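> In case you want the letters, here they are:
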Amino acid sequence: MVNPIYIFIIALGVGFLLSLFEKAGKILTMTVFYSALAIMTFISGQWLIALIRGTEIMTLTTAGFPPPFSINLRMGLEEAFFTFFINSLGILAGIFLAPKFRSEKVYGMVLYLMMFMGMNGLVMTRDMFNLFVFMEITSVATVSLIAIDRNLKSVSAGFKYVIASGLASTFFLLGTIFLYRFTGLLNIEMMAEALNYASGQAVFLSVFILLISIIIELKPFPANGWALDVYEAADCGVVSVIAAGVSAAMLYVFIKISALLNQNLMITAAGIGTVTFLFSNLLALKQDNARRLLGYSSIGQIGLIYSAFSFFRLAGFTPGDQTVLLVVGGLFVNHFFAKAGLFWLAGIVKKDKSDEWAGLRSSPLLLFAFAVFILALAGLPPFPGFFAKWQLVMVLSAKGMFPAIGFILLGSFLEAIYLFRWLGKVLKTDPFEPIKIKPWEAFPVAVYLLAIILTGGFLSGIINQGSSLSVLYLPVLFVIVLFMLDFLPVLVKNSLVIVVFSYYTFRIMPQLSGYRIMFGIIFLLGGILLFIPGYIKKGRRLGFYPLAVMMYVGLAGLLLSENTLQFFTSWELMTLGSYFLIIRGKKSEPHALSYMLFSMGGAFVMLLGFGVLYHVNGHLLELATLARIPDMTGIIYSLLTLGFLTKMASIGLHIWLPGAHGEAETDVSPMVSAILLKAGMFGMVVLMSAIPAVKIGFIDIPYVLGWLGAITIFLGNLLAIYQEDAKRLLAYSSVGNLGYVLFGLALMSHLGWLTSITYALNHFLFKAMLFLAIGGVVYRVGTKNMYEMGGLIKNMPISFISVLIGIIALSGVPPLSGFAGKWLTYNAILQKGWYLQGAVVIIGGLIAFLYCFRLIYAVFLGQIKDRNRQVKEAPLALLIPQVILMIAIMVFSVLPGAVLRPVGKFLENIFPAGGLNWQAGTAFTEYGYWNGYWIMMVTGGMFMMVLIWLLFIDRKAQKVKQFNIVYAAERPFRPETTHVGYNFFAHYRKALGSLSRPYVTKFWDTLTDITHSSADFIRKLYNGNGQTYIFHILLFVVVVYFISFGG
Amino acid sequence: MDFKPIQILYALWSFSIILNIGLVLQGIVRKIGARVGRRYGIRFYQPYIDIVKNYSLRSSITHGVMFYLGPVFRLTGGMGVYFFTPIIYGSVYFGNFSFAGDIVLVLYFIFFGSLGMALGAGEGGHPYSAIGVGRGLAQVTAAEIPLVMAIIGVAMHYESLSVTEIVAAQQGGIMNWTLMTNPLITILGLIAFLGAMMRSPFDVVLAPQEIPIGPPTEYHSSFLGVMQTNRSVFPMAKTVLFVNIFFGGATNWAAMILKIFLLYMWPVVVGVVFPRFRVDQSIRWWYKYALPLGVVAILVTQYF
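Note that the protein sequences, when read in sequence, are chains W and S. Letter by letter, the first sequence follows residues 1 to 1047 of the working numbering. Letter by letter, the second sequence follows residues 1 to 304 of the working numbering.
If you're looking for bench data, these hints aren't it; they were derived computationally from the structure.
Pair by pair, the computed Cβ-Cβ distance ranges are: (1) S/V65 <-> W/L876: 18 to 24 Å; (2) S/V65 <-> W/F924: 37 to 43 Å; (3) W/K956 <-> S/V269: 41 to 47 Å; (4) S/K53 <-> W/L525: 53 to 59 Å; (5) S/R278 <-> W/N785: 23 to 29 Å; (6) S/V65 <-> W/L488: 42 to 48 Å; (7) W/F924 <-> S/R278: 43 to 49 Å.
Since we're looking at a predicted model, the values are computed, not measured. Even glycine gets a Cβ: it sits at the ideal position worked out from N, Cα and C.
Looking at chain S on its own, in the form it has when it is part of the complex (with noise of 0.2 Å):
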């Protein structure tokens, strides 16, 4: 597990194309809601429009240091998350830094952007940006007790916190997932993936539809563009992550791909069939229903 320079640019690579992947899956999924919907919908590549443009826009104001970097901790926590996570099993060029840590690393530093995403929006000075942060926080609090309890119960099922290792004890056929040697703790994983997603009904923290609020109002152009990165790149590092640790992984890109589409039409689906919470009726959901599955999925775990 030694590093070698030449890591970095591994790394850069799996970044491109996770970034890609990203960006593409954005797009279809926003076509495919429409289509639900009965609309047209945007073309498939218009998140890429969408990002060059924020990207080239030159109207640019700042409210102070942090809120400048804000977007700069943001997508370093969308980055790391992903360059903490070994990608694909056996690979030496996907692997990333997941030499540096374990899954608890990669668990805490989701964190890590959210942390100074609110910062940042808070020295924006704008209530919202405030209020969307008050939600978002608490609403993650809640939303990370299966989070919490699933990595426990998966670490517990194989005796590893290490990623490569969980995934190295799924391989060999589909029986050996995680999804079929403990059913129980999949589904509570996937329970808390919906919660990771922001989407519906968990996304009163962003609130796509409505105007402006959330942590993003006060940002635009370039630093928008910087979040709109991360945004493609941060969705997909946490379902990679539980593609690893409930799916088997995968050992090659393409087999990777499609558990990533798989993964990701949950979130959409449900978030298409349930109406959006108000956050203090999502902390509640947490802690009424997420909290008592866990415990019995971690009883289960552990006495049978």
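Just chain W, with the same shape it has in the complex (with noise of 0.2 Å):
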């Protein structure tokens, strides 16, 4: 083993022979400089290994002196940890600099050295003296290497740092000199034992000094506008060793320094992290510089770092902790990594305004480690800071902690804003200016993204004690190996996906059991039949397969899932996956980026929800806990409901789906439709089939949300009439259907969950079949607008049957399956006494008839228009998925028993009273009854009849040609004007007046307008110039200490 004073003799030694070695050439030095970075790395690398395995500790002192007169180190676990990752950093950020070392004087290397050795110091040392020393020498190297581009820029912002840096070491020397009045001591440890807070205030003042010298260091909010220009300005290899590695040090610092914290400060600590967490992610959202903003986000991590350590402190963790490993370490490896190489990407793209980033699509390995390091810092499975939030949150809410998660989760949505707007414009942004890509720059991001995935990987299988994520390894590693077959064909990738698909649905089906089995019908063999519409892109299709596979994964793991890490996990790898497929669609960047908000922010509310059920249940992750909740049901019901309707997209939280449905790819519209939006039903059925009733105060949340259903019902299908764009009325029309599933649902009876699921089940039949059907037709025709469409039926008849049997069974007319949906409507409401909510129901439904109308009218029917003349029908990859679907409609409508006994057979178990009865093919219930087949034969029948008379009667027709109508003597010629398709339904808004208009749009609306409006005003603080910066520390101190004091 070798002594970790090594690190620092080769690091000095190193530094001071550089100059020699230059006079013998570059290369040469440069070989000496790496291959000392080198083993530096690999000395804490040996530590690290060693110490894992359970080496003893080691603690050092220079010369055989005890401090302060000598460094004093310690090698434990988190050093070696610390130390290696900073030195890794090390190397990594020194090949990126390469061309900057070569073509600078050698004091470039040499200060690296020094700025490393030093942030190994800060991390090993144990005493106050060396640390203060340690500070300085990497705050004098920091602000050289910050200066080297010797612009005015970067010169200003190394001042600025060289004055707040200063500023921090005062105090910390002050903090020093009155802690060593008080105890004797300069040892961290021995001062904390010797250490008497009772002994008077000037204890605590000197403590508060310390920790405030420290915090300043971390960049607290608002004392940090010098920080940000430095980010802003330096180079970004450096920028990098700055954002991971000196926070990295200074965030040990702070480790060892809370040793000495009583709780006042402590709190202070936790609360100054939550708040500059909060406000760092806040003020990025108006940012547009992309340096500036991986500042931004950087200093709020750092933030959200030291205040889940303090938090757990807090809490009575003790620092070695296994769940403190966990979370801090969890938290900071995923900053670490995430923001060296975010930083890295910027000195690769070299371009100031984050919406000029596209460029990065001109490498797929850059651009996924752009999105891979996006994600994680979203904190999205499957990289460290998801696990590391996931457990921060449930171990908080242990201790009731919650408005610290409640700031801690408001922060991580806002910086996702940020965050998912940005890999938005870098995947849609066109034209992109392609960026020529070095080695030496590609090699460090792609080191940091293999690590980043690996420790996700690794803290996935510790979490939870490993337990819980197992089954969704295979599924994922299957998406890893489709990304590295990406290069393949489509046709390859689209069988390869459909056989393994299958292969995996055939395992799976067998382990689910009751309402699990109907959800696995339509997440799995749902999506196997939506993947066969694959067929018809061409090329490679780069990115699809991986993402879209991953949403299902996520899917499948919410069937399985059996604690709340586990449906959680599912949960976000799904909207994950879908997210990405959703931005695939041409015109979708906005629409993307809506979802992911409105899902994220569901999500978040979600978690916090789980966090809530893991504080009252006795700590337990399992669902079925769910069911036997001692206290706060309400507030759990509400949280969990808010998050899945989010999903559901019920009215108020919808305004996301009609642009992602709509705009989404042919392809891609009936998987999000039909099966993705039903993941939030499966979250309803889950909650709800655990906590059968529920209040707050005396609001009964079941009645509520089925006035919900009743008004998402109405306004969905209303706007759905008012659409122009034949996609976003069927995305539009999808509100209004889910209200129905949850209208049902929240009738909380055997009637009203059948009625649930009948519409479930019906939705995803028709609604897969007409978004296919009219994505064929786009695909054909090369519009969505629906009245540049008309009289395709000649042209596309199996498309056009299709759309009529999708209609007629969304409309809810007998003889289809829709009507047995209807038909349990009135029954379940009747049988519940919801007669008005149940009014509101089915009037809704009936605003369905509209837009059912114009969608087969306005697209198949009327005049075709000269330039759709030749239009084809579909391509057969459309048609095939859509006649299976047609099939399975019609085996629904004829014997709808076969669906609904078995299911009515599982509801049993959750409401054994009020269900139908059977008789024969007839259901009773105890208002009416009614019978699928006898309704198909008749209306069949009747039909029959009477085209077997009009055919004997009218045998003779003649077709004639398109023109030949009777109007008014005159004898039109432009389909345009005889076509009439625009507007259809104005008489409709003009009656409804003010119904019509969209309140919940414009509500987001202003919400988004005064959040970044806030940010706006706020950011103004940071005016750039240093005396300002040195008031806001000043003021930063004094406002805070009376704060602690105070409190």
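Using the hints, put the two standalone chains together into the complex.
This is the structure:
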């Protein structure tokens, strides 16, 4: 084992000798330089491995003197961990900076080595004086490196850095002096033991001064303007070291001196961290400079990490506790890799504006890396931040620290806003300038990309004793394999996915029971079916398959989930996959963003709900415990419901849906509409089957949900009739249809749930079919505007039949399966006694006729346009699944009992009474009866009779040409003026007046505006003036002192 | 409630009865309307002449398959509404196919014909057809508000959705009719009836007095014949339904015909008195007046 002191010896020695080597040539100099960094990494890495295996912790003092006369060092697990990360960053950032080092004088390398020596020292020393020395070394080296570019911006940023770190050092020194006065000691541990807060306010003050100095180094809001300028101005390689490395070292210093803090000061630290996290992310919203944006994010993340640590200490955890390591370590690693990687990418892209980063698309590797880093920062699985945040929320919940969770989640949400906005811009901005990639710049990025994925996998293995997420491993592995096979053509990948997915389904289905079987049919069998249309795509379709499969992995994970962690992880995987599916559409960027934000918001609320559940049910994760919540049922129920409703797009939370589903690609729309929306329903079913009745005060929540469902149906359908875009029409119709599902569930009765499930199944069948058919039309015609279509029945007869059957099933006209839903609705509302809601539901349902007719008329009937005369029937790959769905609808229509009976059987476990009675094919309730088979027979018989009669008397009907119509002595010849398609229901809008205005959209727009403008207002704080920044720091110190002293 | 093949014959018998009632009533009503307007008017059997004439016309053109099927859907819809309703209470012969479903089925079957017809008219390619359908569907969705609420109210009142059971509960004299036991719901039903009958003031969809406008614009000869057949059956079917749920149904044809005649006069009288609404006005009217009345009626039924 190499003594860690060699890290210092090598850094110092090589640092001094580099000037000598320079005489022998640049290549030798650089070889020595990189070897030094490599050896430093090796030493700390070797210690890390040894310590994990259980080697003794090493404490050493130089030259046999006790501190402060020697350098007092310690090499424990934490130190090895931090030094290893810092030194590895040293070597990678060094590689990134290679051209700079090569062109500059040797001093650059010397300073770089000193900086890393300083950081190693900060991590390893346990002595106050040593800390001070290493802080100074690090600062001086950092400042010089910031200014290495020698332009005005970086020099002035460096100067601000000098002032700020000078102030911090002053405070540090002051605090140390006072503490030395009280304890006579400089070693932190000994000092912590000797410290007696009871001896007077002066002790508090001196620890406070010490703490504040470290916190200033950690860049608290609002005393961090200097740091932002540094992030913006300095070279990206250097900034990556500051953001990841120096912050890491200072973070560990904070962790060390936290031994000195009393509760009050711990709360102060936690508070500052949380506020910093929240406000950094808020202010970042208005930031368009990429590096400054990353700066905000960095500062926020660091704030989150030390506040998390402080919260843990407040909750009674020791610093070495495994949970603390998991959370703080996880958050740290996440930030460390992602931020270093992103700053390197900033160096590669060389664009200031975050909107101009689309050039990354010229390299799949870098694009992938960028996406991974962004997702990791946003806290999505399978990256380390996700697991850390989950555990953080659970631990804080266990201790009942809900306000803290609230702030953290709010901050995380704000962070997600700008991260995903950025990701969307990168993925979608066209045209873009390709970037030139140099191997030494891409290599470090690739290393950290790999590292962040592996750590994510590692954390997923240890979280919750590693038992939870194993079901997701193989599927996620398949996703990774698909990423690797992405060079293959669509034909191969599509077939591969269908085969593997079918096999997986075959394996999974027998494991499901109860309602999960039904969802299994929709999620898995439906999923396989909806991969068939993928064959219409040519080329390679980069990125589609891994992410589509990831969505299904999430859905399958939901089906198999038995605890909240599995559920939430699957939920987030599903969200992640679907986001990337949705954003593939040509104009999808803003819609995918709004989808993601609603999803993230919903997920955070859900996470809080799971947290509260964890709090009250004795710190258990099992979903089954939902059924026996001792306390706070209403809160848990509402939080989870809110989370699920965002996915179900209930009115108020629906505004993401029309764009997201409408603008998605041809084969993606049916996936996200017919299948994905049911995930929200699945959540509701899980929740509601566990909690039969719930009230907050006087308010019966299912009752509220019932009204919400009814209004969703009404408004969703109403908005659908005004759409000109066929796919948006279908999207709004989904809003309405999911309203039925919600309403049915909210009835909390056997019949209600049967209604809901019938609707869900029907919606899956007809919406998939309609989206495929309309998708085919759009694919052929090249527009989504219905008024630009018309008369396509002759060109696309199968699509027409498919839409016809789809709309009949949708509108609930007998004899097709949609009627089952309507009939059940009537019976269910009568049974429950929800008459008025029921009336709204049914009246809302009638409005569906309007858009159904419009859809089929404006597209397929009426006059064909000249430019569409040559349009062909949709591709076979789109028609095959439609035909299968058609057959399914027909079977369900004729034999509804085949589906409803087994569903009823299992519903008896939840609601024993009040179901359907079956006599042969007739279903009875205490109110009415219905026989799908005979309805079909009678209708069919009548239809045939009339048809035969008409054929008999009118057998010679002649087909006439297009414009041969009775037209007031005129003969029209322009289809554009003869086909009534545009603004078809203008009279309805006029009649309803203000009822049709987009209040909800306006509400969310206003909220967005307020958030952004407040961010813009607050960030005026940072005026770029060094003096102002000093003033901020001083004011910050005073204010924090009064707050913590007073409290 | 088992199906026996003989029921098909019963149903056809019942159908021929109602077709004739419809045709005669149409003629009589037009005659009365003319006399009120101080005209001589048509002969009461004129509808028979019209329908025979239309079926016999030989010139016939079509715009496509859906156009051809439109009237078929239309008549099937009208017949279905009739066939799924039990006509004469207690009669083996005139129960039709009501074993297949209850009042909800009838209610939704009303749309079967409208939708099919709308599709046929759509393929006709005439802008007036599309405008007519747009208006018609929009108005129907609004006019159905009181209908839906009335049906819910009746179902609440009798705790049943089965027409047969609802009629059964009203037997034993006028005091047992819904009209007497729940007048508010009946008023709602009568208002709904106005919307269902496509007469003034809610007849802008067909606009029968003006130039040909509305869904049937392109239809002619035998197509029109089929639609005329429907126009005789469909309103009768709806009237029978209303008689059944609000006015005690009937145990024999004489009572049924009398009730049909009287009830049919209600929209006729209103139509003669009130001028036509524009479609946006009529939608607004349903939302403004019928909806609150429906809410009141349901609340009253629920709590009193």
